[in-house]
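Okay, here's what each chain looks like letter by letter:
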Amino acid sequence: MKLSDEIAQAAADKDILLMTHIVLGYPSFETNKEVIAQMVANGVDLIEMQIPFSEPMADGPVIIKANQDSLLDGTRLNDCLNFARQMTETHAIPFLFMTYYNILFKYGIESFCRRALETGIRGFIVPDLPPEEGADYLKYTRQYGLAPIQIFAPTSTPERMRFLAEAGGGFIYCVARRGVTGTQTTFDEEFNNYIAQCRASTDMPLAVGFGISNRDDVQSLVGKADIAVIGSETIRLVDRQGAAAVGPFIAGLR
Amino acid sequence: MKNLNGYYGQWGGAFIPEVLHETFRQLKDFYDKARQDPAFWQEYADLMATYSCRPTPLTAADNLSRHFGGARIFIKREDLNHTGAHKANNVMGQGLLVKRMGKGRVIAETGAGQHGVATATMAAKFGFKCTIYMGEEDVMRQRPNVFWMEKLGAEVIPVTTGSKTLKDAINAAFRDWVTNMDNTHYCLGTACGPHPFPEMVAWFQSIIGLEAREQIERQFGKPPARVYACVGGGSNALGIFQGFLDLPAVELVGVEAGGEGLESGRHAARLASRDGSPGVAQGYKTMFLQDDDGQMRTTHSVAAGLDYVGVSPILTDLWEQGRVRFASATDSEVMAALELTMLNEGIIPALESSHAFVQAFKEAGDMSPDEAVIINMSGRGDKDIFTIANAFKDPSWQQFIINKGKEYEAER
Chain Z
0 MKLSDEIAQA AADKDILLMT HIVLGYPSFE TNKEVIAQMV ANGVDLIEMQ
50 IPFSEPMADG PVIIKANQDS LLDGTRLNDC LNFARQMTET HAIPFLFMTY
100 YNILFKYGIE SFCRRALETG IRGFIVPDLP PEEGADYLKY TRQYGLAPIQ
150 IFAPTSTPER MRFLAEAGGG FIYCVARRGV TGTQTTFDEE FNNYIAQCRA
200 STDMPLAVGF GISNRDDVQS LVGKADIAVI GSETIRLVDR QGAAAVGPFI
250 AGLR
Chain H
0 MKNLNGYYGQ WGGAFIPEVL HETFRQLKDF YDKARQDPAF WQEYADLMAT
50 YSCRPTPLTA ADNLSRHFGG ARIFIKREDL NHTGAHKANN VMGQGLLVKR
100 MGKGRVIAET GAGQHGVATA TMAAKFGFKC TIYMGEEDVM RQRPNVFWME
150 KLGAEVIPVT TGSKTLKDAI NAAFRDWVTN MDNTHYCLGT ACGPHPFPEM
200 VAWFQSIIGL EAREQIERQF GKPPARVYAC VGGGSNALGI FQGFLDLPAV
250 ELVGVEAGGE GLESGRHAAR LASRDGSPGV AQGYKTMFLQ DDDGQMRTTH
300 SVAAGLDYVG VSPILTDLWE QGRVRFASAT DSEVMAALEL TMLNEGIIPA
350 LESSHAFVQA FKEAGDMSPD EAVIINMSGR GDKDIFTIAN AFKDPSWQQF
400 IINKGKEYEA ER
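Read top to bottom, the protein sequences are chains Z and H. When we follow numbering that gives the first Met the number 0, the leftmost residue of the first sequence carries the number 0, and every step to the right adds one. When we follow numbering that gives the first Met the number 0, the leftmost residue of the second sequence carries the number 0, and every step to the right adds one.
Only true hints are included.
Here are the simulated SDA-like cross-link-like pairs (lysine to any residue), alpha carbons at most 20 Å apart as the crow flies:
| hint | chain 1 | residue 1 | chain 2 | residue 2 |
| --- | --- | --- | --- | --- |
| 1 | H | K27 | Z | R159 |
| 2 | H | K361 | H | L342 |
| 3 | H | K163 | Z | Q67 |
| 4 | Z | K64 | H | P157 |
| 5 | H | K163 | Z | P60 |
| 6 | H | K102 | Z | G178 |
These aren't lab readings, by the way, just hints derived from the structure by calculation. Keep in mind it's a predicted model, so treat the numbers as computed, not measured.
Generate the whole structure from the sequences, applying the supplied hints.
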């Protein structure tokens with residue numbers, strides 16, 4: 000089934016879906032495994048696994064540090080791909096890769112798509128690759144049935160949103176505010192107008208991320224977005240309280 | 000150096016997060032209008048003439064020419080710019096553009112601190128707020144430049160992520176920009192990054208080549224046989240090369256940081272070594288020093304301004320076309336060339352610029368006296384006394400610092 004249809008189907012029985020994020024190899028693949036198991040057991044609907052990159056220009060301090068520490072620990076791309084395969088074989092929910100374009104570019108875009116498909120990955124989020132620069136990427140993700148998830152920002156014009164939606168697949172990742180990952184977002188009138196604009200620009204499901212960190216944040220997205228994205232917050236939680244804290248945290252979000 | 004879609008051959012582009020799409024659209028718009036407006040360039044040239052000693056001289060280095068006994072050596076004196084380097088050209092140009100855009104704040108990355116000082120200077124002159132991102136390691140190494148940036152009214156933020164050097168400062172500046180783009184312009188310091196930065200920075204720096212072309216024809220009667228420039232990001236090299244690109248007989252030579260030698264792996268030679276490979280990072284496609292997974296490697300040079308993983312996509316294209324030849328100079332060759340230039344000409348090139356001198360010195364002796372070479376002296380070395388004295392391991396300087404330290408300690 001297409002990722003967008005699968006999401007629409009899952010969304011039919013729930014107020015809102017949850018997507019969570021992990022940085023591969025941080026603090027270790029062992030911990031990643033435990034965190035993912037806790038996430039899935041507590042009802043997470045999709046997981047984005049970030050392949051660490053040395054220059055994560057769109058990320059905030061928490062995720063930058065996780066990228067950096069993972070690489071310092073010796074994480075290689077191949078480790079990430081092997082781990083991803085284990086996860087997709089173990090858990091039934093859709094898994095995505097989030098990473099920066101150079102990781103795909105250096106590997107070879109078609110080879111990367113083929114490998115990701117074999118790995119059981121359903122789509123990619125690549126924040127530094129606008130559709131204008133992604134002709135090959137869009138071609139090969141289509142060819143291999145992977146969703147090239149596109150990003151809307153509060154600065155995107157309505158025409159731009161339609162253009163991005165045209166290029167995209169799976170769902171649209173709506174960046175809740177300006178800035179980088181990991182700081183608080185306020186859900187005010189301006190935000191509501193923005194989400195209404197996103198909705199008007201596409202039929203695809205909408206995920207909202209950046210600064211979603213607690214039950215109130217998630218609740219405030221019900222009826223507006225299809226998917227709430229929890230990013231930096233679970234990394235903070237694992238740093239402070241260990242992997243076991245993730246389950247209760249996720250369970251308390253909806 | 001004009002290219003509509005931001006590509007030079009297969010290099011360049013604009014790999015930017017969606018949140019900056021509108022900001023770049025606006026920047027391109029203002030830049031294109033400025034570029035088509037002769038009054039803008041005139042305003043720029045007037046500003047540089049009255050604020051920054053332009054045109055900078057072309058100095059005949061007759062003692063060095065005699066020393067090598069070959070080509071006539073000329074030195075383009077970008078060191079005589081205000082703030083002591085070619086960086087001022089780009090910064091003042093972008094400052095005029097910021098005025099047109101009506102923004103009130105500028106941010107910049109800096110490695111050694113030259114671009115930071117130049118940006119802080121421009122911000123003071125134009126009345127902009129200013130924040131400079133600088134790797135924590137560089138803040139430690141380059142305290143005198145941090146001192147001046149702060150005195151000029153800029154806020155200097157040490158960057159503690161990644162390798163804590165130039166590339167990390169660029170990432171940090173982008174992160175500021177994605178938050179504050181409405182009132183803030185990112186004054187990128189070199190001909191790298193997403194379109195239109197490479198083209199725009201190269202345009203402001205082309206003033207070097209325009210002058211040099213006219214000066215060499217006046218002073219030597221014909222164009223030079225070769226032009227040498229050091230290459231970090233590539234802005235000073237592109238600046239002077241543009242004056243001679245239309246003359247195929249003029250050989251253009253870019254000199255990268257050979258660090259401890261190309262075979263040591265501790266260098267920053269993206270094009271002159273075999274270690275570079277195509278990649279996309281920091282918003283553009285070029286040859287990067289990276290591993291097989293696409294992770295950027297750490298680089299090394301005695302000259303902080305050349306210590307960078309990527310290189311201007313415009314230069315990568317000119318290299319691929321065979322129009323620009325690339326060489327590298329090791330840290331120790333650089334120190335020797337610097338010493339020779341000081342003793343023979345009474346001129347103190349920056350460590351960065353000294354790389355260009357190394358290659359010119361290697362070749363000048365084999366050339367004929369009716370040929371000229373131009374070395375682009377991108378900046379002056381005397382203001383980097385801490386770095387240069389340290390690189391020379393000068394014992395009396397070290398003793399001076401120790402004594403000064405004791406004095407401050409006693410006053411506390």
